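Novice: The chain contents come next:
There are 2 protein chains.
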Amino acid sequence: MDFAARLAETARLTDAALAEALAGLAAEGRVPATLLAATEHALLGGGKRFRPFLVIEATILCDGPADAAIAVGAAFECVHAYSLVHDDLPAMDDDDMRRGRPTVHKAYDEATAILVGDGLQALAFEIVTAPPVPIDAAGPLARLLAAAAGFQGMVGGQHRDLNAAGLDADGIRLMQGMKTGALIRAAAEAGAIVAGAPEEARRRLAEFGALIGEAFQLADDLLDIEGTAEETGKRVNKDAEGGKATLAALLGPEAARVRLGETVARASEILAPFGARADVLREACRFVAERRS
Amino acid sequence: MDFAARLAETARLTDAALAEALAGLAAEGRVPATLLAATEHALLGGGKRFRPFLVIEATILCDGPADAAIAVGAAFECVHAYSLVHDDLPAMDDDDMRRGRPTVHKAYDEATAILVGDGLQALAFEIVTAPPVPIDAAGPLARLLAAAAGFQGMVGGQHRDLNAAGLDADGIRLMQGMKTGALIRAAAEAGAIVAGAPEEARRRLAEFGALIGEAFQLADDLLDIEGTAEETGKRVNKDAEGGKATLAALLGPEAARVRLGETVARASEILAPFGARADVLREACRFVAERRS
Chain X
1 MDFAARLAET ARLTDAALAE ALAGLAAEGR VPATLLAATE HALLGGGKRF RPFLVIEATI
61 LCDGPADAAI AVGAAFECVH AYSLVHDDLP AMDDDDMRRG RPTVHKAYDE ATAILVGDGL
121 QALAFEIVTA PPVPIDAAGP LARLLAAAAG FQGMVGGQHR DLNAAGLDAD GIRLMQGMKT
181 GALIRAAAEA GAIVAGAPEE ARRRLAEFGA LIGEAFQLAD DLLDIEGTAE ETGKRVNKDA
241 EGGKATLAAL LGPEAARVRL GETVARASEI LAPFGARADV LREACRFVAE RRS
Chain Y
1 MDFAARLAET ARLTDAALAE ALAGLAAEGR VPATLLAATE HALLGGGKRF RPFLVIEATI
61 LCDGPADAAI AVGAAFECVH AYSLVHDDLP AMDDDDMRRG RPTVHKAYDE ATAILVGDGL
121 QALAFEIVTA PPVPIDAAGP LARLLAAAAG FQGMVGGQHR DLNAAGLDAD GIRLMQGMKT
181 GALIRAAAEA GAIVAGAPEE ARRRLAEFGA LIGEAFQLAD DLLDIEGTAE ETGKRVNKDA
241 EGGKATLAAL LGPEAARVRL GETVARASEI LAPFGARADV LREACRFVAE RRS
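Quick note, the sequences are listed as chains X and Y, same order. For the first sequence, the working numbering begins at 1 and goes up steadily by one. For the second sequence, the working numbering begins at 1 and goes up steadily by one.
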């Protein structure tokens with residue numbers, strides 16, 4: 001199976017796991033219906049399910065259990081979805097639309113959107129500490145996820161991004177590495193933990209995750225500079241107009257493209273000990289770097 | 001040592017653990033200074049540290065390690081502090097002051113307050129999954145905390161509270177049991193997990209936690225009805241003026257006081273197998289029920 005088919009398949013499995021988690025919340029009748037509906041709006045609005053793909057493929061690469069990998073992938077998606085809901089709030093990026101639908105605070109209200117995000121973060125930790133996740137992996141997975149989501153990761157990165165005017169290349173790399181890179185890196189590393197893989201495999205997958213995260217961000221920046229609105233399906237040149245520094249803008253598109261190529265090569269190289277079995281992850285990295293939308 | 005002295009001592013230990021956690025965040029220089037200062041504002045503004053007290057005393061009762069109990073208590077306080085910061089936001093309860101100081105969104109800004117809360121939730125999970133917490137306890141503690149903080153606990157309870165007009169007694173009990181009760185119950189239960197205590201002890205401490213949480217809430221309601229602003233240090237009759245249903249208002253103060261007495265008696269009884277060693281927890285329950293501020 002090639003990368004596109006694997007990505008579609010892991011997205012399907014993730015959506016099913018998320019729907020099951022929502023059904024579990026609804027079952028006892030304690031969670032208000034509006035809050036549940038708003039959470040479903042936040043979780044099931046599409047998206048590539050790229051972080052779950054990384055968790056699942058990294059787990060398979062390390063011969064770990066697929067059912068646990070799917071659950072942990074869903075937990076990563078909960079954290080990702082929560083960060084989007086909070087980032088869209090009026091006090092943050094103030095976005096009305098996401099993926100062609102109203103954002104949660106527009107479709108419901110601000111209080112509900114804040115609570116949806118808060119609850120999704122907690123839900124992620126419930127999922128990684130419950131069966132079918134192996135009991136030995138629960139603590140380390142919760143710790144990894146908390147570090148990626150917290151002050152030294154996503155939360156700190158978002159605060160840096162809100163105050164990003166005038167950052168230099170190092171400042172931008174640090175901000176992006178925290179804001180989006182930390183969770184992508186942790187997703188790849190999580191697969192090794194689910195599988196109980198040796199420290200060396202875990203270290204390599206974490207490094208691969210960091211590199212694919214960088215490629216993801218560079219490609220995103222380039223799309224913003226060079227893509228057309230038609231191709232990307234969203235407004236382009238938004239970063240420059242918003243006074244937002246990006247690494248690609250700072251380097252210039254040609255140099256950024258060279259760096260992107262180097263990043264893809266290093267990501268492929270770091271998985272060398274896994275041989276051809278890691279090809280789907282290598283292909284994922286190329287796909288991320290070359291995407292036009 | 002009597003209850004008041006033990007409460008003061010556990011508060012001191014908790015404050016030290018929280019200060020250490022903040023110093024840890026600051027050490028690497030990745031977390032923006034403003035975000036750190038706002039987090040410190042949220043965490044170190046006083047408070048009785050009642051949840052850490054429950055964690056620590058329940059751990060000691062089950063002969064568990066004190067250093068782990070202090071860490072877990074600090075994690076519960078992070079979750080409690082995060083919920084206060086988010087509840088104070090303009091879209092929620094819109095409070096400008098807390099414990100005589102400006103709320104986080106007033107002292108800083110809304111975006112920072114949202115991020116402080118998000119980061120404190122993640123920090124709690126980092127703390128319960130790291131040494132000195134025993135590795136076997138990390139997963140179960142993270143799961144307990146996530147359930148108490150999430151949709152079926154604090155988050156769901158806050159959403160119910162925002163839409164509480166016209167609730168009957170059962171509706172109010174459910175809302176309060178989720179909003180404030182779940183975390184207090186979990187704090188007592190957490191002590192048994194830290195200590196690796198048998199299932200029976202864990203069940204009894206959880207039940208004790210549920211009862212002390214109910215006593216806490218009933219006493220709070222009664223203070224709002226009967227206390228003077230001078231005694232309580234805050235505006236009274238706020239609930240009735242805000243159209244907020246409380247159990248004490250619905251039962252009437254006399255019946256509420258009778259129920260409070262019954263709750264304290266049951267809380268004391270449930271700890272019978274622990275004998276006199278549980279007296280400090282019994283005393284805590286009486287104190288909570290009889291407090292005038």
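By construction, these hints were calculated from the structure, which means they are not laboratory data. Do not take every clue at face value.
What the hints assert, rightly or not - Covered stretches of chain X (in silico footprint by chain Y; criterion: 3 or more residues with CB under 8 Å from a CB of chain Y, positions within the stretch not fixed):
id: 1; segment: 101-112
id: 2; segment: 115-123
id: 3; segment: 137-143
id: 4; segment: 158-168
id: 5; segment: 275-285
From a predicted model like this one, the values you see are computed outputs, not experimental measurements. C-beta: ideal position from N, C-alpha, C; glycine also.
Novice: If a hint holds in the structure, say so; if it doesn't, say that too.
Specialist: Verification of the supplied hints:
For the segment 101-112 of chain X, the assignment as covered by chain Y holds, since 4 residues bring a beta-carbon within under 8 Å of that chain's beta-carbons and 3 suffice. Beta-carbon proximity to chain Y at under 8 Å applies to 7 residues in the segment 115-123 of chain X; the threshold of 3 is reached and the given coverage holds. Counting residues of the segment 137-143 of chain X whose beta carbon lies closer than 8 Å to any beta carbon of chain Y gives 5, which meets the minimum of three for the stated coverage. Coverage of the segment 158-168 of chain X by chain Y holds [criterion: at least 3 residues with CB-CB distance below 8 Å; count 5].
Under a criterion of three residues with beta carbons nearer than 8 Å to beta carbons of chain Y, the stated coverage of the segment 275-285 of chain X fails, only 0 such residues being counted.
Of the numbered hints stated above, the single one contradicted by the structure is hint 5.
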